[in-house]
Amino acid sequence: MKAIRIRMQKFSRPGVILLATVVAIITSIVVANATQTITTPNAAFVSYSLAAGLSSAAITPATNRSVLVMGTCTTIGGVGQVSLQHIPGTGLQWVGLESYSGAAITQGFSSTAGTHIVSIDFFHQVDIRVASIDTILIHNGSAATRAGNVTLVW
Amino acid sequence: MKAITMRIQKFSRPGVILMATVVAIITSMVVANATQSITAPNAVKITYSLAAGASSAVITPATNTSVLVMGCCTTPNTTAGVGQVSLIHIPSTDMRWVGLESPANIASTITSGHGSTGHIVYIDFNHFVEIQVASADTIRVHNGLGVSAAGSVTLVW
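Line by line, the protein sequences give chains A and B. Going by my numbering, the first residue of the first sequence is number 1, and it counts up by one from there. Going by my numbering, the first residue of the second sequence is number 1001, and it counts up by one from there.
Calculated directly from the structure, the hints in this document are not laboratory data. Note that the structure is a prediction, hence the values are computed from the model and not measured. Glycine included, each C-beta is placed from N, C-alpha and C at the ideal position. Be aware that a few hints might be false.
Just a few of them, taken from the derived set where beta-carbon distance is under 8 Å, the chain A residues facing chain B [to be verified]:
(1) THR40
(2) ALA43
(3) MET70
(4) THR72
(5) SER101
Far from chain B, some chain A residues (derived; all Cβ distances over 10 Å) [what the hints assert, rightly or not]:
(6) THR21
(7) GLN36
(8) ALA44
(9) ALA51
(10) ALA52
(11) THR63
(12) ARG65
(13) GLN85
(14) SER99
(15) SER111
(16) THR115
(17) PHE123
(18) SER142
Derived DEER-like restraints, expressed as beta-carbon distance ranges [said to hold, decoys possible]:
(19) THR115/A to ALA1136/B: 44 to 54 Å
(20) LYS1045/B to THR60/A: 25 to 35 Å
(21) ALA1107/B to HIS116/A: 19 to 29 Å
(22) ALA143/A to GLY1146/B: 24 to 34 Å
(23) ALA1051/B to ALA51/A: 49 to 59 Å
(24) LEU54/A to ALA1051/B: 50 to 60 Å
(25) ALA144/A to GLY1115/B: 18 to 28 Å
Turn these sequences into a full structure, and let the hints steer you where they fit.
What follows is the structure, given as structure tokens:
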């Protein structure tokens, strides 16, 4: 202990300040990394069976975070997905991929009911749409009943 | 209490009916939204380490629902990469998918299709390691590199 005290007394004042700064920087880096939390994600599973021209009930995605929205039509096949952000009271914005066939990037920002987000069936007749400023829905634009499901993960 | 009773009595009959209708609509909206169930998603992580030209054991994705399939190659470092698709497994029929190939040199490209054999998505930088359709009901990882490759594939649904 005496030896340590003697050794510390040998450091100059700028040396001590420099040492304190290094300790502070290392501490802040460790604290900054500690903000990353590993959690179990949430998922919402919505199944649908819609007659021709009908829409599902509104779905409210989680707010102010990226939500993976992937949907499928089991009647005729097809799958599509977007990453979506719900900004409460403002609207929804998204980017993703339209269903096969005719896969292409889909992207947008809207609060207007009826705006297309992503097709989830092979013929691009079943899609996820904006339902309101805070909600989405599934719409069957085909001439026959279509069933499937939509999964939200966040 | 008396004040509240008097205030209710002041509403006209059409006003009360209107109020009841509004309550009924709000209630039905809540009930309709309640069909949405919030749960912890399912996930499967498969690690692979494959010799040159080898394929992994087959993987059977969940059926009749969209499954996020994302994979990466971690070694060798020269061809590390990542790719992903949304996939539907229609049992005894085929796989159908849409997603993004691992970026190679400049930009990633879209991958989409359906079938019971063939390429689904590349998961390494040089496009030698891929997820393939193994059969109508299964997929697998294939290493087309001249050396061994390792990494993982995660399925979320």
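Structure-based check of each hint:
1. With 8 Å as the threshold, the beta carbon of THR40/A comes within range of chain B, its nearest partner Cβ sitting at about 5 Å, so the hint holds.
2. Interface hint status for ALA43/A: upheld, as the beta-carbon distance to the closest one in chain B is roughly 4 Å, under 8 Å.
3. Given hint, MET70/A at the interface with chain B, holds; its Cβ is 4 Å from that chain's nearest Cβ, closer than 8 Å.
4. The closest approach between the C-beta of THR72/A and any C-beta of chain B is roughly 4 Å, which is under the 8 Å cut-off, so the hint is satisfied.
5. For SER101/A, the shortest C-beta to C-beta distance to chain B is roughly 7 Å, which falls under 8 Å, so the interface hint holds.
6. Its beta-carbon lying about 35 Å from the closest one in chain B, THR21/A satisfies the requirement of being farther than 10 Å from that chain.
7. With a least beta-carbon separation of about 19 Å from chain B, GLN36/A lies farther than 10 Å from that chain, consistent with its non-interface assignment.
8. A beta-carbon of chain B comes within 10 Å of the beta-carbon of ALA44/A; the shortest separation is about 5 Å.
9. At roughly 16 Å from the closest C-beta of chain B, the C-beta of ALA51/A stays outside 10 Å, upholding its exclusion from the interface.
10. Every Cβ of chain B is farther than 10 Å from the Cβ of ALA52/A; the closest lies at roughly 20 Å, confirming the non-interface assignment.
11. Here THR63/A stays apart from chain B, with its beta-carbon at least about 14 Å from theirs, past the 10 Å limit.
12. For ARG65/A, the requirement that its beta carbon stay farther than 10 Å from each beta carbon of chain B is met, with the minimum near 14 Å.
13. Every CB of chain B is more than 10 Å from the CB of GLN85/A (nearest about 18 Å), matching its label as outside the interface.
14. With 10 Å as the threshold on Cβ separation, the claim that SER99/A sits away from chain B is violated: the shortest Cβ distance comes to roughly 6 Å.
15. Distance check on SER111/A: its Cβ is at least 18 Å (rounded) from any Cβ of chain B, clearing the 10 Å threshold; non-interface status holds.
16. No beta-carbon of chain B is positioned within 10 Å of the beta-carbon of THR115/A; the least distance is around 20 Å.
17. No Cβ of chain B approaches the Cβ of PHE123/A within 10 Å, the least distance being about 13 Å, so the stated non-interface status holds.
18. With a minimum CB-CB distance of about 17 Å to chain B, SER142/A clears the 10 Å threshold, and the non-interface call stands.
19. Separated by about 37 Å at the C-beta atoms, THR115/A and ALA1136/B break the suggested range of 44 to 54 Å.
20. At roughly 30 Å, the beta carbons of LYS1045/B and THR60/A sit within the given window of 25 to 35 Å.
21. Between ALA1107/B and HIS116/A the beta carbon distance is about 25 Å. The supplied range of 19 to 29 Å therefore holds.
22. Range check, ALA143/A to GLY1146/B: about 52 Å between beta-carbon atoms, so the 24 to 34 Å window is missed.
23. For ALA1051/B and ALA51/A, the hinted distance range of 49 to 59 Å is satisfied, since their beta carbons lie about 53 Å from each other.
24. A hinted range of 50 to 60 Å for the beta carbons of LEU54/A and ALA1051/B is consistent with their spacing of about 53 Å.
25. At roughly 25 Å, the beta-carbon separation of ALA144/A and GLY1115/B lies within the given 18 to 28 Å, and the hint holds.
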